[in-house]
Amino acid sequence: MKLSQMDELILVWGVISKAALSEIKATGNTVLVPENRPFLLGLKRNVPLLKENNIPFIYCADNVLGFLFYKNKIAKTLIFYK
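The sequence shown begins at 48 in our numbering and counts up by one.
Mixed in with the good hints, there may be bad ones.
[Unchecked claim] Distance condition first, Cα-Cα at most 30 Å in a straight line; then the derived DSS-like pairs of lysine-lysine:
id	residue 1	residue 2
1	K49	K129
2	K98	K123
3	K98	K120
4	K65	K91
5	K49	K91
6	K72	K49
7	K118	K98
8	K98	K129
9	K72	K118
10	K72	K91
11	K118	K49
12	K129	K91
13	K65	K120
14	K129	K65
15	K72	K98
16	K65	K123
17	K123	K49
18	K123	K72
19	K91	K120
20	K120	K72
21	K129	K72
22	K49	K98
23	K98	K65
24	K91	K118
25	K91	K123
[Unchecked claim] Simulated restraints on C-beta separations:
id	residue 1	residue 2	range
26	G75	F127	14 to 24 Å
27	S51	K129	31 to 41 Å
28	Q52	K129	25 to 35 Å
Treat the hints as calculated values from the structure; they're not laboratory data.
For every residue, glycine included, the Cβ atom is placed at its ideal position computed from N, Cα and C.
Input sequences plus hints: build the corresponding full structure.
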């Protein structure tokens, strides 16, 4: 996907809770999934969860987030923790 096509992304940080899936899906926005190093939680947990629920997403490296914030492509950030 080209940068010009990205708009109103929802950034998720941490492991997405199942309760938040309905809120994320209701927005209709594309979800931005970073790696979440060092354990790669974005790849191992979030990507399969979003695929199961047919939620559109874009995977990116952690170091790309600063650039996307700078370009105002991220509309909302959801932080999950336990």
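Comparing the hints with the structure gives:
no., hint, result
1, K49 to K129, "34 Å, violated"
2, K98 to K123, "20 Å, holds"
3, K98 to K120, "22 Å, holds"
4, K65 to K91, "15 Å, holds"
5, K49 to K91, "25 Å, holds"
6, K72 to K49, "22 Å, holds"
7, K118 to K98, "27 Å, holds"
8, K98 to K129, "23 Å, holds"
9, K72 to K118, "24 Å, holds"
10, K72 to K91, "20 Å, holds"
11, K118 to K49, "13 Å, holds"
12, K129 to K91, "17 Å, holds"
13, K65 to K120, "25 Å, holds"
14, K129 to K65, "13 Å, holds"
15, K72 to K98, "12 Å, holds"
16, K65 to K123, "18 Å, holds"
17, K123 to K49, "20 Å, holds"
18, K123 to K72, "14 Å, holds"
19, K91 to K120, "24 Å, holds"
20, K120 to K72, "18 Å, holds"
21, K129 to K72, "22 Å, holds"
22, K49 to K98, "21 Å, holds"
23, K98 to K65, "13 Å, holds"
24, K91 to K118, "27 Å, holds"
25, K91 to K123, "22 Å, holds"
26, G75 to F127: 14 to 24 Å, "20 Å, holds"
27, S51 to K129: 31 to 41 Å, "37 Å, holds"
28, Q52 to K129: 25 to 35 Å, "34 Å, holds"
Hint compliance for this structure: hint 1 alone is broken.
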